[in-house]
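Starting from the known structure of chain A, fit chains B and C onto it as the hints suggest.
This is what each chain is made of:
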Amino acid sequence: MIEVRNVTKTYGSTRVLDDVSLTIVPGGVTSIIGANGAGKSTLLSIIGRLLPADSGRVTVDGLDVTTTPGATLAKRLAVLRQENHTSIRLSVRELVAFGRFPHSRGRLTAADLATVDEAIAYFELEEFADRQLDQLSGGQRQRAHVAAVLCQDTDYVLLDEPLNNLDMRHSVQMMRRLRRMARDFAKTVVLVVHDINFASCHSDEVIAMRDGGVVAQGPTAELMTPELLSTVFDLDIAVHDIDGNRIGVYYS
Amino acid sequence: MSPSTGRRWEVRERHLALAVLLLVPAAFASLFVGAGELSPLDLLRADSGAALLLLESRLPRLLAILLAGTAMSVAGLVMMHITRNRFVSPSTAGTTESAVLGVFVATAFLGAESVMVKMVVALGFALLGTLFFLWVLRRLTFADVIVVPLVGIMLGGVITAVTTFFAYRADLLQSLSAWTNGDFSSVLRGRYELLWLTAAVTVGCYLYANRFTVAGVGRDFAVNLGVHYDRVVNLGLFLVSATTAAVVVTVGNIPFIGLVVPNLVTLLLGDNLRRVLPVTALAGAAFVLACDVVGRVVRHPYEIPVETVAGVVGSVVFLLLVLRVRRVAG
Amino acid sequence: MSRVTSAETFARVRRRENRVLALLALAAVATVVAFCLIALRGNWEYALTIRARKVAAMVVVGCAVAVSSVLFQTVTNNRVLTPGIMGFDSLFVLVQTLVVYFFGALALSSADPRLMFAGQVVAMVVFAGALYRWLFDRRSRDLYVLVLAGVVCGTLFSSLSSLAARLINPNDFVVLQDTLFANFNSVDRNLLAVSAALVAVVSLWMVRLFPRLDVLALGREHALNLGVDHRSVVNQVLVAVAVLVSVATALVGPITFLGLLVANLARQFAGVSRHRVVVPASALLAVVALVGGQLVLERVFALDTALSVIINFVGGIYFIALLIREAKR
Chain A
1 MIEVRNVTKT YGSTRVLDDV SLTIVPGGVT SIIGANGAGK STLLSIIGRL LPADSGRVTV
61 DGLDVTTTPG ATLAKRLAVL RQENHTSIRL SVRELVAFGR FPHSRGRLTA ADLATVDEAI
121 AYFELEEFAD RQLDQLSGGQ RQRAHVAAVL CQDTDYVLLD EPLNNLDMRH SVQMMRRLRR
181 MARDFAKTVV LVVHDINFAS CHSDEVIAMR DGGVVAQGPT AELMTPELLS TVFDLDIAVH
241 DIDGNRIGVY YS
Chain B
1 MSPSTGRRWE VRERHLALAV LLLVPAAFAS LFVGAGELSP LDLLRADSGA ALLLLESRLP
61 RLLAILLAGT AMSVAGLVMM HITRNRFVSP STAGTTESAV LGVFVATAFL GAESVMVKMV
121 VALGFALLGT LFFLWVLRRL TFADVIVVPL VGIMLGGVIT AVTTFFAYRA DLLQSLSAWT
181 NGDFSSVLRG RYELLWLTAA VTVGCYLYAN RFTVAGVGRD FAVNLGVHYD RVVNLGLFLV
241 SATTAAVVVT VGNIPFIGLV VPNLVTLLLG DNLRRVLPVT ALAGAAFVLA CDVVGRVVRH
301 PYEIPVETVA GVVGSVVFLL LVLRVRRVAG
Chain C
1 MSRVTSAETF ARVRRRENRV LALLALAAVA TVVAFCLIAL RGNWEYALTI RARKVAAMVV
61 VGCAVAVSSV LFQTVTNNRV LTPGIMGFDS LFVLVQTLVV YFFGALALSS ADPRLMFAGQ
121 VVAMVVFAGA LYRWLFDRRS RDLYVLVLAG VVCGTLFSSL SSLAARLINP NDFVVLQDTL
181 FANFNSVDRN LLAVSAALVA VVSLWMVRLF PRLDVLALGR EHALNLGVDH RSVVNQVLVA
241 VAVLVSVATA LVGPITFLGL LVANLARQFA GVSRHRVVVP ASALLAVVAL VGGQLVLERV
301 FALDTALSVI INFVGGIYFI ALLIREAKR
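As they're listed, the protein sequences go chains A, B and C. Each residue of the first sequence is one higher than the last, beginning at 1 in the numbering used here. Each residue of the second sequence is one higher than the last, beginning at 1 in the numbering used here. Each residue of the third sequence is one higher than the last, beginning at 1 in the numbering used here.
Misleading hints may appear alongside valid ones.
Unchecked claim - Distance ranges between label pairs, derived from CB positions:
id : chain 1 : residue 1 : chain 2 : residue 2 : range
1  : A       : 56        : B       : 271       : 46 to 54 Å
2  : A       : 138       : C       : 302       : 53 to 61 Å
3  : A       : 52        : C       : 301       : 53 to 61 Å
4  : C       : 296       : B       : 174       : 24 to 32 Å
5  : A       : 138       : C       : 16        : 28 to 36 Å
6  : C       : 317       : A       : 56        : 50 to 58 Å
7  : B       : 203       : A       : 52        : 53 to 61 Å
8  : B       : 174       : C       : 301       : 20 to 28 Å
9  : A       : 83        : B       : 138       : 28 to 36 Å
None of these hints come from the bench; they were simulated from the model. Since this is a predicted model, take the numbers as computed values, not measurements. Where a beta carbon is used, it is the ideal one built from N, C-alpha and C, also for glycine.
Looking at chain A on its own, in the form it has when it is part of the complex (with noise of 0.2 Å):
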């Protein structure tokens, strides 16, 4: 279970996140959307401790993000922001095993090596598995940094913008991947999502942000409404029902 209690961060003068609390149970999909400037991102990234809060506290499974040591919290929680720029010179298949590391320390075993080989499969890298990142189109770096994350083998995933630089393709192919990992692995996945319809498709529960604030949070279907977007994303936002899923329509 993931805590946010009473969380605050501001940059400057601008107050970012604003006492934020909310509680993400284990289990599914849980997308977060609002506008830009909402403080997603901000919220993911303290909860994956990258940032430290100004006052609050956050824990996962009972452990204190800021004082458990991070190799502990790296069995347990995997993070992935959207800048993902490394300096180095690494091919898929070394960055997707780094995903090992909590559980190796760098001595790679045979099961690590397997389990390096699952993930490269799972995301269809196969092709390009002993290409250098910098060779690759931006989506496929993407891939392979999910596919990383994948491998750290954690029960809680934090992904922010995972979709970025995908195809529509590839999009769907990442949530419904994204989606029977957390089915079939009973991990706890929670995305920062700009695309409302995917995070309406794609995930069991939704936390819409404003202004730093959680306007709200609960089943995804109830939330996706024409009345709550409206208010979250200052903007006419009709919904309709097709083949089962709430699609909203905000193109005209």
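This is chains B and C only, laid out in the frame that chain A set:
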């Protein structure tokens, strides 16, 4: 002229007046600081020894300081405009180091005695070094405000390595530092007059100021206004190299003056070359004077060369300027 | 397409890495042997002792410079920056000068040299740590600002040293100059033994950090995600770098560009960034460069100690090329 520019002119004049007001008493006072005892009263007593000291050593020294400080900071200002980069100056473009190499070659290999020969050779080297730097710059697709001086400093290091190597081979390492370390203590009457050349160069810079400004905006802009871009840039480089060579030949290297002074002045008064040039000139003179007086006072009766004092002050200011770059840019 | 397993791939990569290291080791041994034996005349036993000591000094310095440079590049995530370019060696000279300034040359010559050295290293660690925090803790700053700031820091340290040198009394200055302008020909034997031991201990300590350093090289956030305590690793590396730079500078004085050259050449040559490979590779390259360079200078050009000048010449050009290439990306 619009009212706002009018007010700016006033600001400039007030600054100028203030600078002159500060500089004149300081300059006068500096005449009486040094290893030999000399006080204003001695002069009234018509003591011939005091007069000799004043005319042969102190006055030439003061003039050399004022001329070198003025010239180097104006040269830095011009260079900053030509390269459109505020961290490019003779000390960060290989110009000074090339001039030093020139002085070494002239003295050690050509056996030059006369100051003029040294000057010409140093000027030639300074020009070549600076042109080479500009050639390297054109290879840089990413001519960033920071990368450019970094390349210049490294180029200077490479040139210095060449100088050191030959000096080492010729067993002249110690003489090399005597010839080229910035130090006013050896300035006497008859040994600094070359520096008057830099006064002419400074006037030339002032007359050409507007053209440098136009060229500084960019080639297209300059061509559009009917300014011969290449000719202006080359003239600027020549003036800068001549100044650097003259200063290096007569008093040696005074690091960072051409960088620190123009930066601080333009930070306060904006970028219009013609407007800031006189202030820069005065500020440069004051800066070098201050460094020299500090060097004379701190460890009286020994002297600390101006190069050392200016090196410390200059690198501190440079460091602070560098660290504020991206903060300003966001 | 046939499926390649990671086990096979990594085994192949490892074999290649070992080959590269073996090749470099061979080159290093060959250079050392050549240096000791070529043109050995007269009282060869005596000459051999002299040469062996010189080689030992070069090996110790080469290892110290190479290891400290690679580690520093990793913790700063910056391939253009090394302790030499940041002026850490000038910092050491400054510390030494300040010691003379405050305590007089008598202290320098009469105090237990090991104690003196320990004190200087502690001062180095403190200064270097403070400098690192000041420059690097604000992550918004970009690479080039840091490099230029580092270079200017280096200039500042050497200007400050020459200022302090001018302020101390002339007799003390002579003593100081003797200790500062040491070179490979005049290395003290006791100092050499202590230095070798120090470099070995620090290097072994760093070997234990290699896996974590590999992760750190991915960037701060990746390292945090993978459970590496970024701060602790950086602190340990900074201490190690301070010690290594002090040792190298105390032995032979500053060689600004050696670290940059060997660290980057090793990365290029080995084709990977794993520390297990890059660190030993750059140490071996440093030995080849120093011993080989000295060999060529002494035996071909009959010059004695201008090696650091040549390294600065080549290194400076390499640095400019590196800047131009990095800036193009």
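Quick rundown of the hints versus the structure:
1. Our hint of 46 to 54 Å for residue 56 of chain A and residue 271 of chain B holds, since their Cβ atoms are close to 47 Å apart.
2. Between residue 138 of chain A and residue 302 of chain C the beta carbons are some 57 Å apart, a value that agrees with the proposed interval 53 to 61 Å.
3. In this structure, residue 52 of chain A and residue 301 of chain C meet the distance hint of 53 to 61 Å, their C-beta atoms being roughly 58 Å apart.
4. Taken as a hint, the range 24 to 32 Å holds for the pair residue 296 of chain C and residue 174 of chain B, whose Cβ atoms sit roughly 26 Å apart.
5. The hinted window of 28 to 36 Å between residue 138 of chain A and residue 16 of chain C holds, with their beta carbons roughly 29 Å apart.
6. Look at residue 317 of chain C against residue 56 of chain A: about 53 Å separates their beta carbons, and that is inside 50 to 58 Å.
7. In this structure the supplied range 53 to 61 Å holds for residue 203 of chain B paired with residue 52 of chain A, their Cβ-Cβ distance being about 59 Å.
8. Evaluation of the 20 to 28 Å hint for residue 174 of chain B and residue 301 of chain C yields a pass: the beta carbon distance comes to about 22 Å.
9. At roughly 32 Å, the beta-carbon separation of residue 83 of chain A and residue 138 of chain B lies within the given 28 to 36 Å, and the hint holds.
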